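K.L.:
Taken in order, these protein sequences are the chains called A and B. Residues 15 to 89 (this note's numbering) make up the first sequence, in order. Residues 9 to 484 (this note's numbering) make up the second sequence, in order.
FYI, nobody ran anything at the bench for these hints, they're computed from the structure. Please read these numbers as outputs of a predicted model, since none were measured by experiment. The beta carbon of each residue, even a glycine, is placed where N, CA and C say it ideally should be. Take the hints with a grain of salt, since some may be wrong.
[What the hints assert, rightly or not] Which chain A residues face chain B? A few, computed with CB under 8 Å, are given here:
{"no.": "1", "residue": "30"}
{"no.": "2", "residue": "41"}
{"no.": "3", "residue": "42"}
{"no.": "4", "residue": "44"}
{"no.": "5", "residue": "53"}
{"no.": "6", "residue": "54"}
{"no.": "7", "residue": "55"}
{"no.": "8", "residue": "57"}
{"no.": "9", "residue": "59"}
{"no.": "10", "residue": "73"}
{"no.": "11", "residue": "74"}
{"no.": "12", "residue": "77"}
{"no.": "13", "residue": "81"}
{"no.": "14", "residue": "84"}
{"no.": "15", "residue": "85"}
[What the hints assert, rightly or not] Chain B regions said to be covered by chain A (calculated; three or more residues, Cβ under 8 Å):
{"no.": "16", "stretch": "210–218"}
{"no.": "17", "stretch": "230–239"}
{"no.": "18", "stretch": "413–422"}
{"no.": "19", "stretch": "449–457"}
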Amino acid sequence: MSTPDRARGVLAEAVSYAPEEIPADAAIGSFEPWDSLAHARLMIALETTLNRALTADEITSVLSLRDIELLLDAS
Amino acid sequence: MTTKVIPTAMWREFPNIGSITDARSGASWSADRLAQEIAARQEAFAKAAPHPRPRVVIAHGGTAEFFRDLLAVWALGGTAYCLNTGLTAAEIENIKAFVRPDLILAGTDDILAISGAIAPPPSRGEDDPALVLFTSGTTGEPKGVVHSYRSLQARVALNLTYIPSASLRRSLCVLPTHFGHGLIGNCLSPLLGGHDLYLACGLGPMELKGFSAMIDAHKISFMSSVPSFWKLALRMSTPPSGGTLSRIHIGSAPLAAKLWRKVMAWSGTNDVVNTFGITETANWVGGASAKDFTPEDGLIGMPWGGDMAVLNDTGEIMTTGEGELLVRTPSLMSGYDQRPDLTEAAFLNDWFRTGDVGRIDASGCARLTGRIKHEINRAGMKIHPEDLDLLFETHPDVMEACAFGVPDEIAGEIVGIALVLKPGTEGTPTLLRKWCAERVRREAVPEKWFFLDELPKNERGKLDRMKVQHSCLAGS
């Protein structure tokens, strides 16, 4: 699976939407379902996917779907 | 700094009030400024309302202006209906038709007088209704918890007795103000006790990075929140360095002992309290501090003014043992607004039935062990599944609907719904979610969708919510 698809899948799971419902420009603050609860779920999902704990900087740097892609790519 | 401000005999028990500061911007209203603002608003309400003791819907929140409006309504001896600011227009219309208020405050500066408002009945003094908080029914018949001036005074006085004054001196609220926990416990108790209140209601995920800096900057000594708040805050914010936090309350949803300990370690105080309270009891009726108890799942400690008992399997009310938890407290609600049927069902003699299952030991210490009520608890916000059943059954493609709680690692529970669609129709979560979001507040919109051929019923043909839930979750 490509990184963009993986990123979309992880975010979709966190916000309880289908992957195809996630807009390409999804970002915290503009994509309504991405609230505090979804963000916490997203952090856990990313840690599970990467099989490691996220650093504080990584946690605060994930603000958009693109950021999720970059994090997955870098790992 | 404190000053005398509440211009009504109703609040003579609390002659002093603190200041209110926006913890994000630092903008502050001193106690004197707040007093002036309340007086001006009181005059404006008296001029706009057709009746004395006006019934006022307050549809904004989380600001100094909200407390100005609430206290101005109370200064007139009126009733404040505090709404969730996330309600849809349809939900507000439903409540407006039910309440028939004198005034609606849609924003911080608007005063809308409503024709056809009901004149208030003769005053019963401190038993007059002061506050109505809606716990469900914003799409059907609303369920509004009514607190009198007497019950609110009792709760605030008890909180000020059971919570050390030194802890409350600089209190931070991150909770919404339409929520009993945030409004009565976290805000009114310190504010009416003459302490200073800092507001950062609805702190967003990105703001949490600066959460400990906010605590340090304002020298926050007290705050309350829900477990899900801490699940994210502990990940996103480094611990505060000022050492000012002296007490933390956590409530409205089950607190795991592991998270309890993590909050203690992060905050640097052992006075982290798992509180028990519901809107009907004007919030906190008891709690267990890690200063006095070893954290354990379900531990809610001793009552803070009042009694707890259990209704056991044989229908006896016992002061020890296991069963449905009952509470008796001076801060109990008067009843549900215009719903004597619901009020009667909620009481057993003078005991309030909480719908929670618990165990009380010989020392009087209580532990929660389960739940009887179907209410969905999404991060402390309560959603009544029956409201969603009724709503979805008005959808043209839906034949039957059954909502229920789905366990969630962060929120505790999220909303799930099982639907039976009419033959020949093709509902999708995307379309149904959009339809629902136009009608109910965001937290009530289902997040998990299940499409079934039929809903399991009991032998009398009645919907069996537990069976629906089990069958959907087993297959997911």
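K.L.:
Going through the earlier hints one by one, which of them does the structure break, listed in rising order?
P.N.:
Hints 2, 4, 9, 13, 14 and 15 are the ones this structure does not satisfy, whereas the remaining hints hold.
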